[in-house]
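**Student:** In case you want the letters, here they are:
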Amino acid sequence: MRMTAPRRALLGSAAILAVSALALTGCSGGGSTDDAAQGGDGPEIVVWTDAEREQAIGDAAKAFEEETGATVRLVQKNFEDLRNDFIAQVPTGEGPDITVGAHDWLGALVAAGVVDTIDLGDTASNFEPVALEAMTYDGQLYALPYSLETVALVQNTALVGTEAPATWDDMIQRGLASGAERPFVINTAGETGDGYTMYGLQTSFGAPVFVQDASGSYTSEVGMGGAAGERFAQWLSTNGQAGYLSTTIDYDINNELFASGKAPYTVQGPWAISSFEGIDVAVNPIPSAGGETAAPFVGVQGFYLSAQSKNALLATEFLVNYLGTEDAQRALYEADPRIPAYTSLGQEVASDPIIAGFLASAQNGVPMPSIPEMGSVWDLWNAAEAQIISGAEPVSTWNQMITDLQSTLAG
Amino acid sequence: MSVTPPVAPPGAAPTAPARLRESHARAWRGIGVGFLVKLVIMAVVNAFGILTILTAVGADSWLLASITAVLLIVADIVYFTRRALPLKYLLPGLIFLFAFQVFIFGYTAYIAFTNYGTGHAGSQSQAVDATLIQGERRVDDSATYPMAVVERLGTYGLAIADDDVVRVGTPDEPLTTVDGEIGASGAPTEVSGWTVVPRAEVLTDPAVQQAAAALRVPLSDDPNDGALRTRDGSTATVYTSTLVWDEQAQTITDTTTGTVYTATDRGTFTSADGQSLPTGWYVNVGFENFLRVFTDGALLQPLLSVTGWTFAFAILSVVISFGLGLLFAMIFNDPRVRARKFLRTLFILPYAFPAFMSALLFRGMFNSEFGVINDVFFFGLPINWLGDPVLAKLAVLWVNVWLSYPYWFLVCTGALQALPSDTLEAAQLDGAGRWRSFRSIVLPLLLVSTAPLAISSFAFSFNNFTVIYMFNNGGPAIPGAPYALGSTDILISAIYDISGVSGGAADYGLASALSIVVFVVVGAISALAFRQTRKLEEFA
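If you read the protein sequences in the order shown, they are chains A and B.
Just so we're aligned: 41 in the numbering used here is position 41 of the first sequence, and the numbers increase by one with no gaps anywhere.
Just so we're aligned: 1485 in the numbering used here is position 485 of the second sequence, and the numbers increase by one with no gaps anywhere.
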């Protein structure tokens, strides 16, 4: 978009202005009664967060503030804005010390030189290995992980029971037999396409987005081409014709159809469960459509440390020894229930069958690639899937997408 | 401009003032109410300005601080001297013009000449910092030592407790064993010859903290043994760095492989065999971004086809909504229509609704299976409004017209009511019919006052990112088009796709260059069109 960078810079200055003005009025208006609550003139660390996690981080910060005399200032932003704002503002010195973020931003953040490594030391063993792996780039750990997320098959127990279907075809059969309006529903983000939600079905054909090397790291070699990719494209087309996949379904319509019992199965993440209030759901791994294991993307969320932080020790202290504790991780879980990356907490909350279902799906999954090349994939990939579902010739459309993608990555 | 400024009727102006006197702005009649108000306003402005300067200085934003300082001084001079009367009125406007137009345009132009984007986001020294961070690794089997920051004559060092033994060192002196005491927490509490800095001070004094975070205490004279560093101020571990920065030679050497990465003028560290380190910095690339726009076939071709649709979209949006607005204005300007005021208010509703909300709502309404439009107006036929390139264009136009015709309704209503009724009556007496008087009198007179608005409306539609992005994000994608451009993408939304900002691999330099090209195109068209409107004035 035009002028993003300067506008951000201006916004930053405006934010400084606004905050300092607030601080001024706060000091003069507060009077002498709550001087202690002002936190003195100790150092301040700034943490960027989205609305869901603000409260939990604030709670973890209270103990920290009391024990160290430092202040933690939370700045709330839209989650989608965090990555670009962080990249734009850290080099100008106006960025935060810590930000909430997703692991697949890591490649872009490393390329921009805005993140510092962190050292969890002995506490690293408290976290799920897959979470630490996702936050690792070129052998270095860059963030404190706190949650895992993935999509899974969500089913309406009143219509199809709790038993997991064995395969895609089995699921469609059961869905048709349930008497619901449609056997299955999945979000395609309307005409935009949604490769993320569809990915488990795609990997069941053996067509990963990027090829992984022996150590499990992603290379920049596109893995979706060839016979496996074509078979997946053919499958998209067939099921698009049959109406099981449709580009009229966006996120809200998907949840609406499932919640009203018009479809007994859907693929969704834990974040959508709250939209399904009033119906009993069971969560199972995604069934295989192409014969291999359906491996959805696993995303990891965590806290990044700025490479330009002027309070690196203090911020690390807060990150590792306060946010990295079981209490803080539990507060984060309660504020925004996602599968915890903190192992003991994960075991504790897995007594909930829904969480256990997502956990089982995550165990089948693969980390979403965090290499910078991933940023160039989404638009072309999503669009090709949407076109095939709505009737385009599958094989040529898919191969054209692979060609375009390779030339984009090369250029 | 075509609207002539109102001329004061003759006789209204005072022919001869009784006595020449000083203007109000200059006269001093003690402290009047006006002066007090001015004083209060200026006090607030000054307080706000000084606060901005202090904050900017605190954030090391020297440019912002100096600009604010200059503006503040200018404001004080203008409003507290007697000389700059016109400036008293112009200054606020000029400041806003500078802050919101000149500065942003200047900054965009500046970015257009750089390679600012993913991998080139900061300065070279920041890239070096980041690269060294990436190359510094914890030694796998290193123990974690409880430690304390120590100080002697302004030099900071680290003291660790290594199995009941206190060892201390500085970046220049490797660790040596000294006498000392280890406290209950396991960290040294007394180190002979050194002052132990309390941990609370390490964490809360910014200067000490930064010094402590930067400390690297070598284990021995051999740098390959690694160095102690602390991440949290209470424990230290051994790190080794595999990358060494040589500022003189502008190279970074990987000591494990011996590869030398040299700083290039492209803002990267690149080795002899063409491998680059991940983090670069932004550099001036001259006209390269502009050249890319016109020479890169993969870029130029889709841009040209998008340009065609952009013009169609902008022109049709203006023409249709103008026509529709005028039609309704004429209908509801007729005295025979009852409840005109109420109906007019209804017409303005879309105008009062936030555009992005309307676009989002329309996205749902145009859904071919669940949308209300097919359900209600097309008997539930599955017309794929959002998936078909032609229908999607119609739908986008429909949304934009729906959003903008109330504006034209308002403008035309005003203009119609200002038409001279005697001219219309004369035409009627001369035997002109309705159509004839509309075509020869009403429309030309109307165009005189509305043409400039039509031009600015064209420029607005040309860059109407919100409607496109919110309604269908430029979809449906053109099969095989690079950058996933869609059939309804206009130039500004195509630039957004090409810049890669949404995907995270951004190229702000290219995006800025493209938007400047678009600016030049829109500017040229507007200038041309404004010249043409002068002819209308001559007609009037």
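Mixed in with the good hints there might be a few duds.
Partner residues are not named here, just some residues of chain A that face chain B (Cβ under 7 Å, in silico) [as the list claims (entries may be wrong)]:
| id | residue |
| --- | --- |
| 1 | D50 |
| 2 | T117 |
| 3 | E191 |
| 4 | I402 |
| 5 | D404 |
| 6 | Q406 |
To be clear, the hints were calculated from the coordinates, so they are not data collected in a lab.
Nothing here was measured: the structure is a model prediction, and the numbers come from that model.
Glycine included, every Cβ here is placed at the ideal spot set by N, Cα and C.
**Student:** Compare the structure with each hint and give your call.
**Tutor:** Quick rundown of the hints versus the structure:
1. D50: violated (17 Å)
2. T117: Interface hint status for T117/A: holds (6 Å vs cutoff 7 Å).
3. E191: Constraint on E191/A satisfied, holds at 4 Å.
4. I402: violated (11 Å)
5. D404: Holds: closest Cβ of chain B sits about 6 Å from D404/A, inside 7 Å.
6. Q406: Cβ of Q406/A sits 11 Å from chain B, so the hint is violated.
Hint violations for this structure: numbers 1, 4 and 6, all remaining hints satisfied.
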